[in-house]
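Asker: Residue numbers (the working numbering), protein chains in the order written: chain A, 2 to 262; chain B, 45 to 285.
Among the hints, a few may not be true.
Some chain B residues well away from chain A (every beta-carbon gap over 10 Å; in silico) [unchecked claim]:
| no. | residue |
| --- | --- |
| 1 | Ala50 |
| 2 | Gly112 |
| 3 | Val148 |
| 4 | Thr176 |
Covered, in the sense of this in silico footprint (three residues per stretch, anywhere, with C-beta under 8 Å from a C-beta of chain A), are these stretches of chain B [said to hold, decoys possible]:
| no. | region |
| --- | --- |
| 5 | 72-84 |
| 6 | 138-147 |
Think of the hints as simulated: they come from the structure by calculation, not from any bench.
Yeah, the Cβ is synthetic: ideal placement off N, Cα and C, and Gly gets one too.
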Amino acid sequence: MSTTTASISPIPEIVADESVDENGIPWTNYFKVIIGIAVVYSFVRVYMHAFAYTMGLDYFEPEFATFWMSIFWLQAFVCAAAFAGAMGYLWVTRERSPDTVTAEVELSRYFKLITWLVGYTAVVLILGPLAGESDAAWHQVVIRDTDFTPTHISLFYLGFPALIIFGVGSFVYAKTRLPMHAKQSLVPLGIAIGGPILVLPTVGLNEWGHTFFYAEELFGAPIHYGFAALGLALLALGGVVVHILLRMKDLIDEVTAEVEA
Amino acid sequence: MSKQSALRDKLERSTDIFLLTAVVFAVAGATPFVMAVTMGDWEYWVDWKDRRFWPLVPIVLLIIFPAGLSAVFWTRFRLPIACTVVVLCYSLMRWVSTYLNFHVFAGYPISFVWPSVFIPMAIILDCSLIITRSVFVTGFCGAFMWGVLVYPVNWPMLAGFHEPINYHGEMLTAADLLGFEYIRTSLPEYVRIVERTVLRTFGDAVTPLTAVFAGFLSVLMYYLWWLIGSKLNRQTWVKQI
């Protein structure tokens, strides 16, 4: 049986956009996000294995400043710049007339929204079982002497800023590009993004507690309950998936109806 | 195949790939993260796998994500796969973490930090849903089985660590001895013995009792987190934030 290939109607915005294919699907960005995050974390991980025990056990040693605090300051600058740059770009290039967005363009933008969410959830994947549990394992064998211990440099001061960039970026992308989100906000999206981002203030509480009255690392301790509660907010991602699927189904119906049978 | 059908297929398949990537990443990341700070120690250390708390705490807490996501997968898509997907992703990431973090990075032997098996119970829970097509019956029977079976399912791996040892005149288990050799800051009161206090005189009844209690609690948790999952996934919009 022969198959015929078809693509959506050539819309100028999609034709001009080099990051999408002829159907407006951003395959390049999809792979770039996943591979980029994997490469960055792989480097972080190799660095941590190489220098955590040799240069990271005593905050007051000069080597600690060279190998770890320098990374901390670099990360702080890069993450702040990336956040400001990304949000500024999204705002400046926002959709000025959401009512005139065609079905093809809106469909393409939903794929891009999912790409943002793929980046967000990829960071969640790293923060949870990989970076998060590396910190858990580290605190079993090393007595705390600072909140800037090697595992925290990658987890709290790179991972959580990355989570904020992708999470807030997803929300702002939806608000500035998608007609349905232009004048209203989807509550599950707010919960799924806001919850994990609020883990960063919880980190403040966690470090404060561990500094003063709870030096050991008992996982189920009450001081960690904030992490559990906010991590559960990701259950709301199901609602985001439902919304995206329902809307994309309507858009696909519209887009395919315009193609000759 | 017409052009319309071909295009629809391509777009829908791409949508599935994009969304499934996000869902799998989210589940594989969030479940271990939440479980780490709730049932963490009971799953990280073999000397925490006792008869009092271990058959109860991990299995009752792990049902949170499967129940919450089943509320979406089943009611919206009629897909009875949430529990199996969640537990498979969780198990895979726990093993990656156990090897990379606890074994390579921190130096604990795998025999000390191996994670428990939950996949059979997840399959039973999902199969309950497929067979009965009823959330109530799944919660009542499937979730009960989920809670009850954790000990027998893990017994082949755990049994050897509960062998008694006479160590300098003191009776303790092989797991306890491993725990003393590998000091962690999470040792409760810095000294932990599997089977402490009165458990040693209770004989066989402790484990089945804990299993049944775990089953009942799992039933309650399944209904509760199904409800919470349904609420969190409603398509509600707000005009102003």
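Asker: Starting from the hint list further up, note which numbers the structure goes against and sort them upward.
Answerer: Numbers 1, 2 and 3 - these are the hints that the structure violates, sorted from lowest upward.
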